[in-house]
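Asker: Chain A is fixed; fit chain B onto it per the hints.
If you read the sequences in order, they're chains A and B.
This note's numbering runs 1 ahead of the 1-based position in the first sequence.
This note's numbering runs 41 ahead of the 1-based position in the second sequence.
Hints were generated in silico from the structure; no laboratory data involved.
Treat the hints with care, as some may be off.
[What the hints assert, rightly or not] For lysine-lysine, the following DSS-like pairs were computed, each having C-alpha atoms within a straight-line distance of at most 30 Å:
(1) B:K211 - A:K92
(2) A:K58 - B:K211
(3) A:K92 - A:K58
Read off the chains here:
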Amino acid sequence: MSVPYLSVQDLSVSFPTRSDHFRAIDGISFDLARGEILALVGESGSGKSMTSLSIMKLLPAAARMSGRIQVDGQDIAALDRRQMEDVRGAKIGMIFQEPMTSLNPVLTIARQMTEGMVRHNGLSRREALATACTWLEDVGISEPTRVLAQYPHQLSGGMRQRIMIAAALALRPGILIADEPTTALDVTVQSQVLDLLVDLKARSGSGILLITHDIGVVAETADRVAVMRGGRILEVGTVDQVLRAPQHEYTQALLASHLTVEKGLKQRQAELEGARP
Amino acid sequence: MSITTEISIWRRRPPFSVVLGLGLASVIVAASLLSYYLAPFDPTRMAAGPRLAPPSGAHLFGTDEFGRDLFSRVLVGGRLSLGIGISAVVSGLVIGGLIGLLAAFSARIVQVTLLRLIDVLYSFPDTLIALALVAFLGPGIENATLAIAISLVPFYARVTYGLAAAERAKPYIEAARLAGIGNGRLVRVHVMPNIGQSLIVMGTLGFSSAILSAAGLSFLGLGVQPPSPEWGAILASGRNYINKAPWILIFPGVAICLTVLSFNLIGDSLRDLVDPRRKGRS
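One chain only, chain A, in its complex shape (with noise of 0.2 Å):
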């Protein structure tokens, strides 16, 4: 078998405090393929963020990082900004959280999805806008060449997310990382963005980094699953394996706090059945 073409090994963060250091990310290692898509999963201040980050190479400036990470068979430590600059994008896309706010305000769809491809894939602005045009038609935008030459506080936030997961893959990146790609929409939106995002996987081939807290979106998109808390990985395996058989009590306790209509329904008459007299 080939090296992955996302590695990650025995990664450290950690910030200096007054007395001590706080360590963020204590020796995770992990791998990821082209077209797999891992999630990593946890609660919030496990480490999934900065682990992103790290990959980035973009960690604050008091973070200490260690270990090795690699990207595409480069040691990413190597790298000085500029050759940096050609890995962000083009290597690894990401698309985070807020899809209200990760649009620039005062440039058009058009200027924005653009500007990566004239860097990156050494297109021309036409070439650059006619694929922006035909991604934007994969990500379910019936109107793209009307979209495009719009601003985005005049598209709604779930058409903004897809605006976001196009722009990204457009730069054909090897791996995408999603942060939490969902949850800001609303229920609805969610699983067609994350149908969007399996089905766009398969055809463009793309690794997916999937960061979230929902083990929901887990079960229904991963192919494998790693399971973070304080900075470490509990547990890996598939999808299969950990959501059905988890190994490990923090990842059984996750499993049983996340809520279903079923379990709710439950409890409603548990507690119905309490009351009465």
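Answerer: Just chain B now, with coordinates in the frame of chain A:
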């Protein structure tokens, strides 16, 4: 479409202060631009009329101690005052803005050094800095303009830094960074359009203080040199005759007041327009 929502606070009709500010400013600017055509006399020609004559039909604002026509002098003086104000504000804004942007987007050590330097300069009153610089450079229009521009730099650097730093923290800047956009392009394409309008407002507000500084320097004999008419310079030369011929002081004084007032009114309402927190309030 977006424009109409932007100015929805003015949907009924613009407030009186805006009308007044814009009206005054356009009269003043037009009069200054056309001053050489409008002025009935050469502003430096002596004995155009009797000495220290009060306002009359022949000399609308009266004459000064050399019999020069004050109306012509105030008109042409406006040209100088506005010119100095504009060039000082534009260069101050450009230099200050670049420093602010540099501070906001460079390594921590550069940022801290620049900001502390700016803070030190900012702690002196504008006019004092301008005064010290002119004393060092020597009097004259160009030096006075340069001095005023430099005295405005700390203010504009601070404001730009604040705006850029706030912008820098926004997710779309991070998104652009994550798409591999470098710092230079980030500032040009993503940050500047977002803070530009606020900077224009600050420029308008700074304009009136620049005009005041220019008048102040000229009054002290450090700016525009006689016989060139400039409002501050006219005030300075007329102050010996305040009892005999108060009009020499009144008219340029009123001109300075009205100019400062009109640009402050415009600046304030522009700020209200741009600042979303002030929307809905009067």
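Asker: State for each hint whether it applies.
Answerer: Hint-by-hint comparison with the structure:
1. Taken as a hint, the K211 (chain B) and K92 (chain A) pair is honoured in the structure, with Cα atoms around 23 Å apart against an allowance of 30 Å.
2. Of the pairs offered as hints, the one joining K58 (chain A) and K211 (chain B) holds, with about 18 Å between alpha carbons and a cut-off of 30 Å not exceeded.
3. Restraint check for K92 (chain A) and K58 (chain A): satisfied, since their Cα atoms lie roughly 13 Å apart, inside the 30 Å limit.
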